[in-house]
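Chains as they are written, first to last, in the numbering used here: chain A, 36 to 368; chain B, 2 to 243; chain C, 5 to 296.
Among the hints, a few may not be true.
Claimed, not checked - Reference listing, derived: stretches of chain A covered by chain C, where coverage requires no fewer than 3 residues with Cβ under 8 angstroms from a Cβ of chain C:
1. 91-98
2. 137-151
3. 155-167
4. 236-248
Simulated from the structure, these hints should not be mistaken for laboratory data. Ideal Cβ positions, reconstructed from N, Cα and C, are used throughout, including at glycine.
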Amino acid sequence: MRVERWTRTSKVFTGGSAVVAFALASVPLIFDSDVVQKLTNLLILVILATMWNALAGYGGLVSVGQQAFIGIGAYGTVYLAGMGVSPYVAMLLAMVLAGVLSVPISLFALRLRAAQFAIGMWVIAEVASLLVRLDKNLGAGTGISLIQMNQFEPNFRQAYTFWMALGFTVLFLTALFFLLRSPLGASLQAIRDDEDAARSLGVRVASRKRLLFVLAGFGCGAAGVLVVANTLFIEPGSVFSVQWSAYMIFMVLVGGLGTFEGPILGAILLFAIQTTFTQGGPWYLVGLGATAALFALVLPRGLWGVIEGRLGLHLLPVGYRVVGSKQKAELGA
Amino acid sequence: MTLLKVEELDCRYGLLQAVRGVSFEVAQGEIVALIGANGAGKTTLLRAIAGAHRPHAGKVTFDGEDVTRAPAHRRVARGIALVPEGRRLFPTLTVEENLLVAAAANRRGRWNVKAVLDTFPLLQARRNMPAATLSGGEQQAVAIGRALMSNPRLLLLDEVSLGLAPVVVDAVYKSLATVISEGATVVLVEQDLTRALRVAGRVICLLEGRVVLEGEAQSLDRDRVVDAYFGLRSPAAGGASH
Amino acid sequence: MTLLNAIVQGIFLGAFYAVLACGLSIMFGVMRIINLAHGDIAVLGAYLAFVVVEHTGASAYVAFAAALPVMLALGYILQITILERSLKAGLLTPLLATFGLSIVIQNLLLIAFSPDVRSLGPAAGALTSASWHVTSELSFSALGMVVLAVAVVVFGALQLFLSRTRAGWAMRATAEDADAAELVGIDSRSVYARATAIAVAIAALGGLFLAIRSVFDPISGPTQLIFAFEAVVIGGMGSLWGTLLGGIALGLAQTLGAEIQPQFAVLAGHLLFLAVLIARFGGGRLSLRVAR
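Next up, chain A with everything else stripped away, as it sits in the complex:
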């Protein structure tokens, strides 16, 4: 009897993912900038879904306020670029800023229970939004452009932005992947299954959650950076909007809460829906909301959770398998 981490499927798939990542890098060289911009949006969704799942699926933290970090990333970029920092460097720094700010926020936010945490984070996003609105230098309520990007020729700009997005996506997916495979990951599973039991076994629940929270701070900050890089114009009403949380919740619930692959599936789905229903407006949002609620009530494991259950398919080796005993028990992920 052995305990295994890799199966043939997961080896194939992980190898395949690396190939896909390389293939994606050539996108700007093949497609024109419209398509590149759209695919950048897809990558933004993947990052957001992954991060929200890291919080809720692995940490049990339902946040309706991650848009706070999206906004910090976006406005941080504009602010730093305005101070003369080269745009792409400003972007990296803004992401770091969002991540760093998440630390003091976590000291207070993580003491809150379920609903208070959810809405507390929302209020923090609203506070950030209001503070930006008070600042004329940041464009106040009417918004501001990242004019420093004009120094780049549009096609190059789109390509650089896409590669940055790809880089961030690979970075955060890999970070989460290794987190889950590490002993830390096992303790995260334990927290997800039964927090009190995990605590009684000595799992440092608070610091684990903080780690996820800060990771999500970096990740959502990165997404915000990409939003301003991709659209060049931001305003507090949209970049700090709770709509982002709606998207994140939809992607993760439909894709599969608490699975690694689920959020990616959810992001692809949302992207497909958004591209198809560009004229949809409110109707498509009704559909999103209803679907998210339906999944929460009826299909909590999401699409990927069902696929995993039915086919016993784990594409990425984040769990453990006990092999060779009379009963093959599948554990984890």
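Given the coordinates of chain A, work out where chains B and C should sit on it, guided by the hints.
Only chains B and C this time, still in chain A's reference frame:
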């Protein structure tokens, strides 16, 4: 006549099986003691009879009616009342409010607030005090009175002596004697073997969710009961002790 | 004097927030559910009243009375379709499901009514504009006083319901120990349905007040939810009178913040909320306390 019939009851908590294939009957007017070590499944069994726990398999029949799927409040209306383990009074409601709120089922009978306070005179002074301020013994009295308010035909008592001083337990059982003497049907879970054997007409012993011993309290050898309780097999006897 | 006026206006505003928050507090106290669609339900109530006013020319109050039964029916449907299921599922489910519902309600309203802002001020008669000018800087608006009076009456009535009636005791019993409540014959399902009905009705009343004192549009819901939630938290979760006081505290924070700088109003409220959370570290009693 048979008032309660439990058939092949199987109760689980997730994957943990607490009650395995338990069957027994209780006739009207009987006093049955359910004994067994901690974790033997006694509380789960009582809760399944009362409707607070959905069994995985099996059947509960009360007065000829299949109540297996009926929610707890419906069973109270039919005449089953459980005094839960740990009393479980409503802390901010007064004694009187605790009693009155349990009369929701509107069953006829001789039990009302006055009757309960007459049976448990120690509660008279505490009538309008929040239940959380009462002592353990007083709370137990209220808990029993609260179950009586629905004028039950079957009274289930889960560990009424738990956490109480022996003197207080004596008082509680003395008050229970009044109820019993009026012909109530009672199934009680009791850790104190001596008391259980003294009060009950019949004894059922559970071990790890199964019935391991059943018989008339008078005729049961105490050693046999203790063996069954702990799951011991006496090596001298040829074969199983149950 | 302007400070005194700010305080008076703050109390009036706070009473409005308290009415908005009342239903949220009840649902949390009895069912431990925070209904993220609460604000949208209030706005829905305002729209229903608006529809009646548009089609019949009736006053806002008559329209509200007509809209109320519809709201109660919707509340019942909400209870049996979403809330009941959420109760049995995990801790995250009620938040997620009601969030989805919130999106649905907002966008259905957007489809039905367009994004234009509306108001029921014109249909509310003299109440909307009447006020008593004590001095040039201090005035008591009729609407403000009515809302304050209604808030006190509503909270008082709820208090009486919970402390003096069987149904009220049953509700408190279910809130304190649902399992034991079932065991003494209380049908917890119908207690929850009753709590939802009360919450939805009072939310609709909040929506009416919102519509009279200012304007509303399909996406006004989330703002009202945040204010309602802040009021509940400031006053202490699970405490009924606390919600009234919390609402007033929030109203005061906003009007006093506006004294410093007009745009600072809402931010001041948020800061008070966050300060209370920091001071309390996520605490708050879980029982539906009734002041004795």
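query: For which of the previously enumerated hints does the structure constitute a violation, in increasing order of number?
result: 4
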